[in-house]
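Undergrad: In case you want the letters, here they are:
There are 4 protein chains.
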Amino acid sequence: MAGSTFGELFRVTNFGESHGPAIGCVIDGCPPGMALSEADIQRDLDRRRPGTSRHVTQRNEADRVEILSGLYEGLTTGTPIALLIRNTDQRSGDYGNLLDTFRPGHADYSYWQKYGLRDPRGGGRASARLTAPTVAAGAVAKKWLAQQYGTRFVGWMTQVGELAIRFEDEAQIAHNPFFAANASQIAELEAYMDALRKAGDSCGARLSVVARGMPVGLGEPLYDKFDADIAKAMMGINAVKGVEIGAGFGCVTQKGSQHGDELTPQGFRSNHAGGVLGGISSGQDLVVAIAIKPTSSIRLPRQSIDRDGRPTVVQTFGRHDPCVGIRATPIAEALLALVVMDHALRHRAQCGDVAAPLPPIAASDRGSAPAP
Amino acid sequence: MAGSTFGELFRVTNFGESHGPAIGCVIDGCPPGMALSEADIQRDLDRRRPGTSRHVTQRNEADRVEILSGLYEGLTTGTPIALLIRNTDQRSGDYGNLLDTFRPGHADYSYWQKYGLRDPRGGGRASARLTAPTVAAGAVAKKWLAQQYGTRFVGWMTQVGELAIRFEDEAQIAHNPFFAANASQIAELEAYMDALRKAGDSCGARLSVVARGMPVGLGEPLYDKFDADIAKAMMGINAVKGVEIGAGFGCVTQKGSQHGDELTPQGFRSNHAGGVLGGISSGQDLVVAIAIKPTSSIRLPRQSIDRDGRPTVVQTFGRHDPCVGIRATPIAEALLALVVMDHALRHRAQCGDVAAPLPPIAASDRGSAPAP
Amino acid sequence: MAGSTFGELFRVTNFGESHGPAIGCVIDGCPPGMALSEADIQRDLDRRRPGTSRHVTQRNEADRVEILSGLYEGLTTGTPIALLIRNTDQRSGDYGNLLDTFRPGHADYSYWQKYGLRDPRGGGRASARLTAPTVAAGAVAKKWLAQQYGTRFVGWMTQVGELAIRFEDEAQIAHNPFFAANASQIAELEAYMDALRKAGDSCGARLSVVARGMPVGLGEPLYDKFDADIAKAMMGINAVKGVEIGAGFGCVTQKGSQHGDELTPQGFRSNHAGGVLGGISSGQDLVVAIAIKPTSSIRLPRQSIDRDGRPTVVQTFGRHDPCVGIRATPIAEALLALVVMDHALRHRAQCGDVAAPLPPIAASDRGSAPAP
Amino acid sequence: MAGSTFGELFRVTNFGESHGPAIGCVIDGCPPGMALSEADIQRDLDRRRPGTSRHVTQRNEADRVEILSGLYEGLTTGTPIALLIRNTDQRSGDYGNLLDTFRPGHADYSYWQKYGLRDPRGGGRASARLTAPTVAAGAVAKKWLAQQYGTRFVGWMTQVGELAIRFEDEAQIAHNPFFAANASQIAELEAYMDALRKAGDSCGARLSVVARGMPVGLGEPLYDKFDADIAKAMMGINAVKGVEIGAGFGCVTQKGSQHGDELTPQGFRSNHAGGVLGGISSGQDLVVAIAIKPTSSIRLPRQSIDRDGRPTVVQTFGRHDPCVGIRATPIAEALLALVVMDHALRHRAQCGDVAAPLPPIAASDRGSAPAP
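Residue numbers (my numbering), protein chains in the order written: chain A, 223 to 594; chain B, 223 to 594; chain C, 223 to 594; chain D, 223 to 594.
Derived from the structure by calculation, the hints contain no laboratory data.
If chains are identical, the list can't say which one is meant, so a pair holds when it fits in one copy or spans any two.
Each computed SDA-like pair below joins lysine to any residue, with the alpha-carbon atoms no more than 25 Å apart: (1) K365 to P579; (2) K365 to G574; (3) K365 to D575; (4) K420 to S275; (5) K477 to E384; (6) K477 to I408; (7) K420 to G540; (8) K420 to Q525; (9) K420 to H277; (10) K477 to D416; (11) K365 to L339; (12) K477 to L385; (13) K420 to A409; (14) K365 to H397; (15) K420 to P523; (16) K420 to I408; (17) K477 to R541; (18) K477 to E412; (19) K477 to D423.
Looking at chain A on its own, in the form it has when it is part of the complex:
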């Protein structure tokens, strides 16, 4: 209830602080009998890891995951899977000057007012570092969903600051530090980021995340609709300020005759819905877009107050991502996977013996991403 657990049936309980001894999570509710090893999880952790290019924070964390429980002879047993990641590169000194002030746009002020005290070292609990356990848990969900339904998750950047990123070739996403789906704009992106870093400023970003091979029927109306839980998961990622499903804000200027996706025996003729109808998955691709605000920790001086309420000026010289959006792609994938996983189990609980009256409409004509 204090908010550190994600999901209802596939439950991930997250712990740790940026500069404490360790971070990690406990996954409760994983189906038994699935082969699992650290390697399955490490892959996604490495995609999120800091220090992998000059465009992200230079903090050097191996983010090596240890599985503490829940396996026997390489298979999940159905008992909790505890994952531990030791923090190794905490330079608390970096933050010495921030102990008594509040960075504009940062959680410093609100944490302090809520709890009456705060761990100021590296943002404490509010650090984006705490997305690592989420990514680890997401890797477990991804593996099960791939085996069970053939579901696959992929995300990519669609905009960095003013720079729109063209979707040209999905295969390129893994081959550049920007999760860009092309090879042609990488130089442009590098130049943009270098200038930004030099200026001591930060920028926003936008990205898409998609799930393909979706089962039909996931989602629990009225209040736990599939898209509602996706929106919660996405808005809960550090720095996210907007979420769209399918047509998103574009639907405002659409007509009903244009928005509603027509059905044919061969499949849906478009995917403005983004894979969700009435809060329940339709079997079409899930299509989600999010907006990520610029990093709050910048070198440029900003007005603020100190712990006594007196005016002061804040500058942040620690190691920070100038565009937090860049590393957000594997995080958004992980959260989407966690939502799908949780709802797959919820659906099975109530409707496990329902035979869907019709085979899911064929995927051939689903009007897949990149829609938004």
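Following the hints, position chains B, C and D against chain A.
TA: For chains B, C and D alone, coordinates are given in the frame of chain A:
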């Protein structure tokens, strides 16, 4: 877990179908000792009610609420408050032709695939009619929050189809059928809606909802952040496809030096955050915007399939809102109130004896709505 | 969270007060496609109903249930099933003298201290009348479990005050007002109760409840063990002060070589476990026993205090059960059914594709009730 | 939902297996600002630790706890407190002969049928070793409750096998390996246990646990009554088969005129209720008793089946407690503390601004333990 309960500590359990005997909800967890009567609830129900202008569905429902429990001598006792609304104007005949087909963009298909059967009368459980109990519960939350913190909720339309609606005068919102914050565009809006209805089509909409007089410290990171729960509540409203907090998608092209709201002893100098920092309320106004898709039930013919998977054509001749967004304003207010209420109790549970180290920054300079 | 919801996946939300307009519940999570009607529910309500013999309260309530939602053409749709029971025989006058004092052993004092006020009419929310919606929900669970697994629930009295009741013939339970499994002690029981009523006093009771035809594998260790949830459900029944599973307190003087139920290919050789091993159902009969305290509302004068803390004397002249245990049998059955139902869905969620390695051990030799 | 989390607002998520790398838990929802260190927790862990006398298992575990998160400068921050205990003395070889058979009375069979596989090393997840993280979490709750309300928890054995243990001097409990509240029976107990161990058998036990200095008003009727949650917590302890509150099964033969605790301005005149009225704490001492079955792992040969369903004989030669009840006292205390803690926060959430109308009745005359 089947999704009909909203909230963790102020819990609203919703029941009913569009054309069943009754709809309603049970509110569990309301603090004891608050004066409450049907009149407190009826006011908001009347704002959401169908049949109040020619621009919304002509279904004629009084939406008269009956309180079945939870009160003694006019005060809440702390026990569940059950609210009942009888359905009185169900013309099931309206939907006879839809029993065997699926309206494009509607929940017909996904409900049927999930549960193996569906109640086709008026959309059954997927009907926007089921927002009435939510609005009723929201009215209870609004009353408590107003008394406890002075918090007030207000929503208004900012766009209908291609037509942007200027924010000129908040006092006008209550005086036109469009929840428009001006008197100058009403004629234009009426003409737009008349043309749309005549064409047998529908359109999307966009609206803002704001909470003023917010307490500091609400929200439960990591996963139940305040903005995350707001996003869930908003995306869960029928037909919503996008949610923004504060700057929303506008943050993508902002720099960090521009987005982060500076603090002064007199208050925040702007409100790009929309009232939430690190998933915790900052005391600034909550500022939320949502996108609402065009109604799926339209008179224009659309391609679909029938229950045997064969191609067919669908037209809907029942009584429908050509722009569901219009009646969504009190719904969005209610859901925002429910999120604030639930988090107020959650915060009190864990931090009930925390003295906020600093008085909340004064409201004078909060950079209130209409921001987005 | 305020405690009016039972279950995690098959969720029953209960509302109402003894002397309010109505009582009822909302069942969320019922699997779709099951035939259901008021008659299925009314049967168990009638078994619990007051006024059916001179040995129970003379309040005359028809307890007629109305299904408000969740059905279409006689089948459950998977959406919430709301059940409504109007109160018809409230004589608030009966309690006039109790408004300002607290009956010893009753919830009057604790409710008032918790909430700062209380509904004194007939015990308000603390009345055993609120078990009626639970019984109604239990009837829905029983029907599904009978169809799905062939599970059957039966309870009977084993003791009333000092009078032990012999288990002779299960078929007799339905044919006497005491839920006694024999015909030979009925006269003795009637005489006992008549004397008690005449004395203005009340007595305790003990009963057994059993589930036969249990699936293997229900229960969620570590904390939501099957027996733990059964104990919670039973202790939560009004007036229950003790719960036993299988050998119960008898295990204290057993040796390990005696208690542990040996397994053979033909089945377990005894059932001291009461059907639960390590918090998980073993497929043996569930065997539960509970102790029910004497009714607190008696005619004999008792010392108490009034609302100002001053000493006073309390006597209760309303209509009360001299032995609340008598009507508790269908209540205990209903709660046991709700626990089994909830855990059946929980098990299916996580382990829905597990093939039990061995067929459940045959029932022939299960050492069934009446064990405790 | 898979059952590894205890509590709603003070949530403890438990992980680990008897012979895996580590066990531990994550506590979410602890109020901020409380001084906490490993020493606060180690004390209770040491009381539960194996290997401390010849009467308990000789497994040698230091049970050294490490706090991984949730503290800053020695104070709780309100974020999750992760506790880690490395397993150091796992001799899997001890269990080699049990891989393919099922010990009568043990969870071997039910785990294997539920999950389709099991971790057989030392009982895996079903081992009583997993109570260590619960005890650790209970120590945190105890500290907060002592500071907030002055609540204190104490448990003691009342019976071992056929041997009743007299309550003579509470101060003796800490000075013998049996948690006996006297010094006069220790020799007798030692002789009893030595004979039992020599015989290769095991025995049951009974113990009492009490909370003194209870706040009034805890508990959430209808379904999350205080006594209901206590019963769940107690029955969920490994090997518990029965739970009593206050008079317990003794109430069956009580009259109402005897059972109902009379109130006076000086306090209650007795405590048959055991501190709970109508599911809500009355401010009297909480009085709970539990029955613990004999250990299933014994040296004596027992009939069973193997994984192929064929008959076999089982004997267990590992290191086991001949009376698991002995080490259960600190476990029962911890669980009672967790229930009180969780309900204290739940009560504060809903009723945080209720002023109890009357000061709690004075404790002088509460009729405290040892009642049952």
